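Add chain R to chain G, keeping to what the hints say.
Protein chains: 2
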Amino acid sequence: MSEHKEKHFQQSAIVKDVVIGMADGLTVPFALAAGLSGAVASNGIIITAGIAEICAGSIAMGLGGYLAGRTEIEHYDSELKREYREVKEFYEKEKEEVREIFAEYGLSEQSQHLIVDEMAKDEDKWVKFMMRYELGLEKPNAKRARNSALNIGVAYVVGGIIPLTAYYFTDVPFSGLIASAIITVVCLFIFGYFKNKLTGQDPLQGALRTTAIGIIAAAAAFFIARLVSH
Amino acid sequence: MSEHKEKHFQQSAIVKDVVIGMADGLTVPFALAAGLSGAVASNGIIITAGIAEICAGSIAMGLGGYLAGRTEIEHYDSELKREYREVKEFYEKEKEEVREIFAEYGLSEQSQHLIVDEMAKDEDKWVKFMMRYELGLEKPNAKRARNSALNIGVAYVVGGIIPLTAYYFTDVPFSGLIASAIITVVCLFIFGYFKNKLTGQDPLQGALRTTAIGIIAAAAAFFIARLVSH
Chain G
982 MSEHKEKHFQ QSAIVKDVVI GMADGLTVPF ALAAGLSGAV ASNGIIITAG
1032 IAEICAGSIA MGLGGYLAGR TEIEHYDSEL KREYREVKEF YEKEKEEVRE
1082 IFAEYGLSEQ SQHLIVDEMA KDEDKWVKFM MRYELGLEKP NAKRARNSAL
1132 NIGVAYVVGG IIPLTAYYFT DVPFSGLIAS AIITVVCLFI FGYFKNKLTG
1182 QDPLQGALRT TAIGIIAAAA AFFIARLVSH
Chain R
982 MSEHKEKHFQ QSAIVKDVVI GMADGLTVPF ALAAGLSGAV ASNGIIITAG
1032 IAEICAGSIA MGLGGYLAGR TEIEHYDSEL KREYREVKEF YEKEKEEVRE
1082 IFAEYGLSEQ SQHLIVDEMA KDEDKWVKFM MRYELGLEKP NAKRARNSAL
1132 NIGVAYVVGG IIPLTAYYFT DVPFSGLIAS AIITVVCLFI FGYFKNKLTG
1182 QDPLQGALRT TAIGIIAAAA AFFIARLVSH
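Quick mapping for you: the protein sequence lines, in order, are chains G and R.
Taking my numbering, the leading residue of the first sequence gets 982, the next gets one more, and so forth.
Taking my numbering, the leading residue of the second sequence gets 982, the next gets one more, and so forth.
Extracted from the complex, chain G is given alone in its bound form (with noise of 0.2 Å):
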């Protein structure tokens, strides 16, 4: 991969993890605050109850995601080494499971044995070719696995932080809830339209269903929490 097209693939390696990061953090535990403003006296708790929030769903979605990148990996190696014990012990299946791949796409039997017969001149090119188009596996990248798990953990506090920022600067739930609505609502739809942007999709739709997300959380949180206390 040259260079340039390298740090394009990071960059948006990166985009991607921030975007799934952002879209829970500004989500959940703005809608647990919100729920909460319904349901308790004081500001202190709301907090509390938020950071120890964020502090469970950051670990929760970066060390989760960062283990399951690790499966992921491990998954990919298993199978590789299988398919290379394959191509040697069922050198004709093989053959015939490359065919049928071509046969899908309307290439005729001649075309369909030239291809796998060149192609199983060499292993390391064949078992490759089988691992995507068989098996649809590309292989996992480790380091990428260890700094997305980063990324998505960081951008969830981050997210997290803003709803949570009304409440400390306003003296009960009630003025604190009206304050983190307008904030976090602000930054939804900003967030959905630079997230629909950068990946090419329409941007005021995404900034229309992101804020629809957090509105349709927070209110069931709302009126949830309220019927729980009473």
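Worth double-checking, as some hints may not be accurate.
One copy or two, either will do: identical chains are not told apart, so a pair holds if it fits within one copy or between any two.
In the EDC-like style, the derived pairs of lysine to aspartate or glutamate whose C-alpha atoms are separated by at most 20 Å in a straight line are [what the hints assert, rightly or not]:
| # | residue 1 | residue 2 |
| --- | --- | --- |
| 1 | K1178 | E1053 |
| 2 | K1102 | E1085 |
| 3 | K1102 | E1081 |
| 4 | K1102 | E1090 |
| 5 | K1109 | E1078 |
| 6 | K1076 | D1105 |
| 7 | K1120 | E1085 |
| 8 | K1106 | E1078 |
| 9 | K1178 | E1055 |
| 10 | K1124 | E1055 |
| 11 | K1178 | E1060 |
| 12 | K1069 | D1105 |
| 13 | K997 | E1055 |
| 14 | K1106 | E1081 |
| 15 | K1178 | D1058 |
| 16 | K1120 | E1060 |
| 17 | K997 | E1053 |
| 18 | K1109 | E1081 |
| 19 | K1062 | D1183 |
| 20 | K1062 | E1078 |
| 21 | K1109 | E1060 |
Honestly, the hints are just simulated from the structure, not real lab data.
Everything numeric in this text was worked out from a predicted model, so none of it was measured.
What follows is chain R alone, placed relative to chain G:
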């Protein structure tokens, strides 16, 4: 797809959804409640916060997942239209792109030309090939996006209620924390075990990793909530 294969596919899709929802559902509300148990005086507040979190988290994951699925469908459709346009407008360039894919796997120039000339005869199959192998996109299933959102959301609720029951059946936060930790660690262990067993990974490793994430998230939330509230 045969009926048997279709059924197999649906089953593994549901398992995947339940794993995603329940992993977070067991972890985050458990850790939040554990965090609050070191900072607030009544089980009522812990239960209220826990239920508000379950509500917020399940909506963020479920509805967020549903809308992400919708976005994926729109993305696929727009790329499909573009690919149909490109094979018409940039016929030779698109053929060159197919050749490059096969050059990567060591096929001779002669074979590359043969493949691409045959493939270009059927526009639908050619475009299908480009979507899958050049862009790495598979046709997303609209019904699947809706079902998946529901499965994930419900699994989150079920997972989240388990650690909270302990606070309902005890009188003070400290007893609730002990009971909740025992119940949840057992559930995380069993869940992690079967999660890995079903996906063909090492079950014991799955059990230990899943339990570790829960314990680390709960311990971190506990100490941070204590620090903030004092």
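Checked hints:
| no. | hint | result |
| --- | --- | --- |
| 1 | K1178 with E1053 | between (30 Å within a copy, 15 Å between copies) |
| 2 | K1102 with E1085 | between (23 Å within a copy, 14 Å between copies) |
| 3 | K1102 with E1081 | both (18 Å within a copy, 18 Å between copies) |
| 4 | K1102 with E1090 | both (19 Å within a copy, 15 Å between copies) |
| 5 | K1109 with E1078 | both (14 Å within a copy, 19 Å between copies) |
| 6 | K1076 with D1105 | within (14 Å within a copy, 25 Å between copies) |
| 7 | K1120 with E1085 | between (25 Å within a copy, 16 Å between copies) |
| 8 | K1106 with E1078 | both (15 Å within a copy, 18 Å between copies) |
| 9 | K1178 with E1055 | between (35 Å within a copy, 14 Å between copies) |
| 10 | K1124 with E1055 | within (14 Å within a copy, 31 Å between copies) |
| 11 | K1178 with E1060 | between (37 Å within a copy, 16 Å between copies) |
| 12 | K1069 with D1105 | within (12 Å within a copy, 35 Å between copies) |
| 13 | K997 with E1055 | between (23 Å within a copy, 18 Å between copies) |
| 14 | K1106 with E1081 | both (18 Å within a copy, 14 Å between copies) |
| 15 | K1178 with D1058 | between (36 Å within a copy, 17 Å between copies) |
| 16 | K1120 with E1060 | within (11 Å within a copy, 24 Å between copies) |
| 17 | K997 with E1053 | both (18 Å within a copy, 14 Å between copies) |
| 18 | K1109 with E1081 | both (17 Å within a copy, 15 Å between copies) |
| 19 | K1062 with D1183 | between (43 Å within a copy, 16 Å between copies) |
| 20 | K1062 with E1078 | within (18 Å within a copy, 30 Å between copies) |
| 21 | K1109 with E1060 | within (11 Å within a copy, 26 Å between copies) |
When held up to the earlier numbered hints, the structure conflicts with none and fits them all.
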